[in-house]
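Protein chains in written order, with the numbering used here: chain A, 1 to 225; chain B, 1 to 225; chain C, 1 to 225.
Simulated from the structure, these hints should not be mistaken for laboratory data.
Any given hint might turn out to be false.
The list that follows gives simulated cross-link-like pairs (lysine-lysine, PhoX-like), each with its CA atoms no further than 25 Å apart [to be verified]: (1) K31/C to K211/B; (2) K64/A to K31/C; (3) K40/A to K125/C; (4) K40/C to K131/B; (5) K40/A to K131/B; (6) K29/B to K64/C.
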Amino acid sequence: MLPERTLRKEVIEEFKKLDVPSISDAMDKLKLSGALYHIKAVVPDTYVCGQAFTVHYIPNGTIKGTVGDFIDDILPGEVAVIDNNGRDDCTVWGDIMSIYASQHGIAGTVIDGVCRDINVIRQLKYPIFTKGTYMVTGKDRVTVDKVGGTVSIAGVQVNPGDLVCGDNTGVIVVPFEHAEEVLAVAKQIETVEQQILQKVRSGMKLKDARKQTGYHTLQTPDSEQ
Amino acid sequence: MLPERTLRKEVIEEFKKLDVPSISDAMDKLKLSGALYHIKAVVPDTYVCGQAFTVHYIPNGTIKGTVGDFIDDILPGEVAVIDNNGRDDCTVWGDIMSIYASQHGIAGTVIDGVCRDINVIRQLKYPIFTKGTYMVTGKDRVTVDKVGGTVSIAGVQVNPGDLVCGDNTGVIVVPFEHAEEVLAVAKQIETVEQQILQKVRSGMKLKDARKQTGYHTLQTPDSEQ
Amino acid sequence: MLPERTLRKEVIEEFKKLDVPSISDAMDKLKLSGALYHIKAVVPDTYVCGQAFTVHYIPNGTIKGTVGDFIDDILPGEVAVIDNNGRDDCTVWGDIMSIYASQHGIAGTVIDGVCRDINVIRQLKYPIFTKGTYMVTGKDRVTVDKVGGTVSIAGVQVNPGDLVCGDNTGVIVVPFEHAEEVLAVAKQIETVEQQILQKVRSGMKLKDARKQTGYHTLQTPDSEQ
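Kindly generate the complete structure, drawing on both the sequences and the hints.
Structure, rendered in structure tokens:
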């Protein structure tokens, strides 16, 4: 990752305390979109939060490159973000890569496509988010076209260094340029959410809890459900 | 719920002992249909059985209402049945509503659409059945149009007070008017099933067990597999 | 199963040690295809490996037969492979069949279609691989047309005695005629995979581990990811 696109460590640590819906609400409030449609956790209760290391695959043709060797260049804490054009008929991630990634502190993987070797992935509880699973290899079917460029994941533009956060609800991408701004708003949203929850837990009606915290009328952060 | 559409408590208690496939077979036998296509449990091994409290959402437009405040009006034991037109791009249920519902004895939620905050929902083991999960809020995208009216869930008409039963296999809706009739037939079906199972467990061939219980030839309840 | 299509017991035992992706890679290498698209384990961490016992269903019409009675004829260790034309609106497998199959040593079930009674299937941890789950019975909707013929499962031709292997990643069918050949290649592939893994675990870069084992350049088995 380019040094000028490195987020401050504290920013990432703060994001790790947020859940994906709160980040989504903050993005909404800032008129940003980054929700990855139909990308799901392969292993329940896994979690990812880190800056994107992007990879683009193309179908094999006159150009044939390699598959997977890029993994040596991913820094600890980064997330492998792989654009395989949404294909669910051949995989670009499997057991050796999962083992390697776990061992080297790679934060996780997000694929616009599918992965395999789910037995190993489940054992490792490796955080990987995809369109599903299949067993057919991408080798001799697709090839790495570019590493570190702009990619498309489920219709969202992702650039190296963008922040990628995923949990049981799904995955969202926060543009590098807006990360600190999104963080500030998301933290406000979680504060209001906690206030509503506290009132609700003490027996207040939801309608009243929302009214007291300005859910429907004020322009304060307000997208809890 | 209207008092005249309240099922006897014993009826609901009896339904709770049945699994969804047996109810489906009884509906079949009575030429009724209520199976919700592609609606699934968000958390494995959760279960719902209760009368419907219906809510209808529409996309935001010139009319903009609220989201979620209806929850205060759901009675303990009822099931929130939310028609969001099958949309899977914005949610109408999340963490605060799940916590509130658990706390107030709401039996569960069924959505023709999606929900979010799956971390919390999994921790609570809250019984919610949807078309999937996403993180983008419905707030400022959809609005409650009507509470307590007739709704469409996965192509099935649902009215307030209809009985909604869901388990690992899926969700089925029993019209209020037919609940007692469906119950009687479903209980007969389970009795025959248990007879077949007992014979099979004692070593009898399935073909013979079915013959002895009249599976293929008689008009008795017979849809076990 | 016809005696002339019975695999040697040792062959099946050896296949049981392989995971589905390795078998897929061996099939690839031999220009064979047998991956079942969109067929998934109903219960996580279940596994199937055995020869196919095939069943074909057709929609009810002027011909109406039975459902499920074929189960008495499946031999221990065989896999029920049921072609219901990919239908996900009615089921051809449920609780009694799962209990019967578990009791009689049937290895598992693969359906181009859906099953029901997931509560029981989960309790049994019965290995069943389908397009999903639903509660509506196939009884009076579909009927067994042929047992022991050639069937289509997710677009793949399956014949009685073909080897069917399924795990968390998915299901693959190895034609009876090629089973020993596929086994030999798959074992070679797993050997190379283990070599790469050992090097990676001892700290070698993936690129170098692949180079030393001939992953990109040689014609040796090479489809690990």
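These are the hints, each one checked on the structure:
Taking the CA atoms of K31/C and K211/B, the gap is about 47 Å. The hint is violated against a cut of 25 Å. A distance of roughly 19 Å separates the Cα atoms of K64/A and K31/C; the hinted pair therefore holds under the 25 Å criterion. A hinted pair counts as satisfied when its Cα atoms are at most 25 Å apart, and K40/A with K125/C qualifies at roughly 24 Å. Pair hint K40/C plus K131/B holds up; C-alpha atoms about 18 Å apart against a cutoff of 25 Å.
A distance of roughly 13 Å separates the Cα atoms of K40/A and K131/B; the hinted pair therefore holds under the 25 Å criterion. Distance restraint check for K29/B and K64/C: the Cα-Cα separation of roughly 17 Å lies within the 25 Å cut-off, and the hinted pair is therefore satisfied.
Checked against the numbered hints listed earlier, the structure breaks hint 1 alone; every other hint is satisfied.
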